[in-house]
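Peer 1: These are the residues of each chain, in order.
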Amino acid sequence: MTLLPRVDEFSCCGHGDCAAIAPNVFRVDEIAVVTGPGPDDQVLEAARACPAMAIEVTDAETGEPVDL
Amino acid sequence: MLSNVLIVGGGLAAQRAAETLRARDHRGPIRIVCAEPCAPYDRPPLSKELTATGFRPPSWYAENEVELLLGRRAAGLDLAGRRVITDDGSLSYDSLIVATGAHPRRLPGLAGRPNVFELRSVADAVALRSVLVPGARLAIVGAGFVGQEVAATARGLGVDVTLIEAADVPLAHVLGPRLGGWFAELHRAEGVRVELGAGVETALPAVAGAPVRSLVLADGRSLEVDAVLVAIGVVPETRWLAGTPLAGGVVVDAGARTVVPHVLAGGDVVRGCEHWEPAARLGAAAARSILGLPVAPAPPESFWSDQYGLRIHLVGSAVGADAIEFDGAGRSFAAALHRRGALVGALLVDRPRELPVWRRRLADALSQPERNAA
Numbered sequence: 087m088t089l090l091p092r093v094d095e096f097s098c099c100g101h102g103d104c105a106a107i108a109p110n111v112f113r114v115d116e117i118a119v120v121t122g123p124g125p126d127d128q129v130l131e132a133a134r135a136c137p138a139m140a141i142e143v144t145d146a147e148t149g150e151p152v153d154l
Numbered sequence: 007m008l009s010n011v012l013i014v015g016g017g018l019a020a021q022r023a024a025e026t027l028r029a030r031d032h033r034g035p036i037r038i039v040c041a042e043p044c045a046p047y048d049r050p051p052l053s054k055e056l057t058a059t060g061f062r063p064p065s066w067y068a069e070n071e072v073e074l075l076l077g078r079r080a081a082g083l084d085l086a087g088r089r090v091i092t093d094d095g096s097l098s099y100d101s102l103i104v105a106t107g108a109h110p111r112r113l114p115g116l117a118g119r120p121n122v123f124e125l126r127s128v129a130d131a132v133a134l135r136s137v138l139v140p141g142a143r144l145a146i147v148g149a150g151f152v153g154q155e156v157a158a159t160a161r162g163l164g165v166d167v168t169l170i171e172a173a174d175v176p177l178a179h180v181l182g183p184r185l186g187g188w189f190a191e192l193h194r195a196e197g198v199r200v201e202l203g204a205g206v207e208t209a210l211p212a213v214a215g216a217p218v219r220s221l222v223l224a225d226g227r228s229l230e231v232d233a234v235l236v237a238i239g240v241v242p243e244t245r246w247l248a249g250t251p252l253a254g255g256v257v258v259d260a261g262a263r264t265v266v267p268h269v270l271a272g273g274d275v276v277r278g279c280e281h282w283e284p285a286a287r288l289g290a291a292a293a294r295s296i297l298g299l300p301v302a303p304a305p306p307e308s309f310w311s312d313q314y315g316l317r318i319h320l321v322g323s324a325v326g327a328d329a330i331e332f333d334g335a336g337r338s339f340a341a342a343l344h345r346r347g348a349l350v351g352a353l354l355v356d357r358p359r360e361l362p363v364w365r366r367r368l369a370d371a372l373s374q375p376e377r378n379a380a
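Protein sequences, first through last, are from chains A and B. Heads up: the first sequence runs through residues 87 to 154, numbered per the numbering used here. Heads up: the second sequence runs through residues 7 to 380, numbered per the numbering used here.
Careful: at least some of the hints might be erroneous.
Here are the in silico distance ranges between beta carbons for each label pair [unchecked claim]:
1. B:SER96 with A:ASP94: 28 to 38 Å
2. B:GLU55 with A:ARG92: 20 to 30 Å
3. A:ARG92 with B:GLY254: 34 to 44 Å
4. B:GLU71 with A:THR148: 20 to 30 Å
5. B:ARG245 with A:GLY149: 37 to 47 Å
6. A:PRO125 with B:GLY203: 51 to 61 Å
7. B:VAL257 with A:ASP94: 27 to 37 Å
8. A:ASP94 with B:LEU76: 17 to 27 Å
9. A:ASP94 with B:GLY77: 43 to 53 Å
10. A:ASP94 with B:GLU331: 28 to 38 Å
11. A:VAL119 with B:ARG245: 35 to 45 Å
None of these hints come from the bench; they were simulated from the model. Even for Gly, the Cβ is constructed at its ideal location relative to N, Cα and C.
Chain B with its partners taken away, still in its complex shape (with noise of 0.2 Å):
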């Protein structure tokens, strides 16, 4: 059956799905419609590095006979006519991969002024990285792993970084407090000057469209920056999705199925997929379910940030962890997670070579809930 498969979003779950979909006999036509002027890369090392390099060397489409629509912007769905309107056209589908990922968080009163940036394209990597130079004043606000791993890159160029965060501990959420604050020091030890429990009250001048020449914080202190990196998160980009029972949020089952009979879904558009392992196995698990091909079910989920030169890795979740174990210190660390006794998580700081044993420590603890729930 040659059905006809389009994938909209150009990023790792949509690149998954199609490759997913041809190692696996998939004959009939895909094509992926992208937004962004380029092939689909990978986005971590958007912060981490400033650059990015595309998934497969662009012969790879071509021989692979994936079409690639790039620069065309979804703007609807059409489900009763199986059709996605695009900006140039619409185009007919059997199955549907909805791969849009997010946008950035944006704060009034910074948005579209020169000197303000965010991360999200490699053209956002390209243009931030362009102000960083030695020297050069950076305010980061909002102090989660991109904001983090900005600061660190930026400070590795010799730029001068303030990270203004909102919460009274970095990564709070996340990591909870205790390994919230390591993170806090980790930035202060490497020269960056931290701001938590703060917030932006105003941008001067307070000009819109004028470049930002200081920040003035919520306590009246006011700071000088020649540059503005805005990392407080992003939001699904569902906005194309509007009249469909998807516009509200997109959920999917393992076999990356929405609600919706012929869509499926994947990647950071996905409610609580956003990491790139998630998105990773959301793209090819679309493919899978397209196929009638079983789904296998995710080990632990982890992911990895680069700091300063640290890989530092986290393994299930530490949100409600009531325990800490602690083997090594200062920068080599492994923090062991309990909840009621039972492993949920580890935090790991330069000790790469320990994740497969924490994950697969995990795995069985949570194979084993009754037995650890005691």
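If we strip away everything but chain A, and leave its shape as in the complex, we get (with noise of 0.2 Å):
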């Protein structure tokens, strides 16, 4: 667990799609929130399936932004 997302608040449409897929890492209520940390997998694929685009990335070891 070493990726960290983050929901940006403006860019969040409240789709959905990353709660369903990390239902632990993400709540979406009017729009997407962050709850906690997850499977690198799973974080990197809500990241890749959100509409939006409102999810990035970073490696918490290195503190840069991943490549979706």
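Starting from the two chains in their separate frames, assemble the complex, guided by the hints.
Peer 2: Right under this line is the structure:
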């Protein structure tokens, strides 16, 4: 669990794809919020699936953004 | 390298391009030049709520060193000189992002009348909203998603609404006859007169510049109106690209690159890019291409509509579907669209939580065409 997701509140449309893929990482009410860490593969899949491209992923060890 | 990025147009694709450039450490100048007088805003609420809000607080642009050149219209593109000609001088670039969107199609005989509206900008929405008072008679020409959303919003304001659609079924080219027919019935149940296979023959009085008092339909019937909305689609805004290889239509690859070096494009100006998601995606892709970053493949596209309190999603495509499988009925259902046995799309009415499920099913189906094409 070295990948940290962040939801951009201005970009999120509240579609809910992220929470469907990673229910322990995201919760979606009006918009998505990150509720906790999760498996790297789930975090990446959720970020890639976001139709609004509102999820950024950072490598916690290097602090660098991860290309999706 | 402090390359100078110029973005022409101020919609979603422009905003996403600027944000992605700054997020990925582009340090050179970023300028957004836009004909509208206000900072970039999101367009879907225009037809859903007759209003719009900015993508970001006004301070965001200064904080991120994104220069907004508002109220300036692009008038030409000098490819050899790498500069855009505007109505107030020219602007040079190292990389150019074309994001000028689209303008509404107009109807001869209705253009230039004071009570005839179109809906593309926040100014259009404010003007239209001002005439939607209880009891007002509104005719909407065109029963696409914009026309339908305004019909629903106007009914909520107590307006008397007539939808006039040239095709025999609304949205037939998008959803096919069966699902399109569901939308016609939805509006009728909400008290909208829905005239299908109908067209406006004449607007009376037939005096240029005079308010329209009645519309004469092609079958001879006359419709008294206080206001008319023309919502018959849009045309990509490419007039300023005259004389370039982009004048006949802007086509891009997955990285938002056009056929012209150093010129990228995103949003409604791009052929085949007419919804929110691809506009956002191409805006970001343009930025990534400028920075030399890879562009991830897109998940199956969806779009949404809000009508009478119902959230409606279409994921994938209904075009060419030969079978529809319903789960639910009335005003809450999922319609799975198949072609030759393979899932190609889904229409979801009041099933917002199922959108991710269908998007994943569709991605799976699309990734295994040979198995599903049997």
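Peer 1: Look at each hint and say if it fits the structure.
Peer 2: Here is how each hint holds up against the structure:
1. B:SER96 with A:ASP94: 28 to 38 Å: The hinted range 28 to 38 Å holds for B:SER96 and A:ASP94, with Cβ atoms some 34 Å apart.
2. B:GLU55 with A:ARG92: 20 to 30 Å: holds, 28 Å
3. A:ARG92 with B:GLY254: 34 to 44 Å: Taking Cβ atoms as reference, A:ARG92 and B:GLY254 lie about 41 Å apart, which means the hint holds.
4. B:GLU71 with A:THR148: 20 to 30 Å: holds, 25 Å
5. B:ARG245 with A:GLY149: 37 to 47 Å: At 46 Å between Cβs, range holds.
6. A:PRO125 with B:GLY203: 51 to 61 Å: holds, 55 Å
7. B:VAL257 with A:ASP94: 27 to 37 Å: holds, 29 Å
8. A:ASP94 with B:LEU76: 17 to 27 Å: holds, 24 Å
9. A:ASP94 with B:GLY77: 43 to 53 Å: violated, 28 Å
10. A:ASP94 with B:GLU331: 28 to 38 Å: Given a distance of about 36 Å, which is inside 28 to 38 Å, the answer is holds.
11. A:VAL119 with B:ARG245: 35 to 45 Å: The hint (35 to 45 Å, Cβ to Cβ) holds, given that A:VAL119 and B:ARG245 are roughly 43 Å apart.
When each numbered hint is compared with the structure, a violation occurs for hint 9 only.
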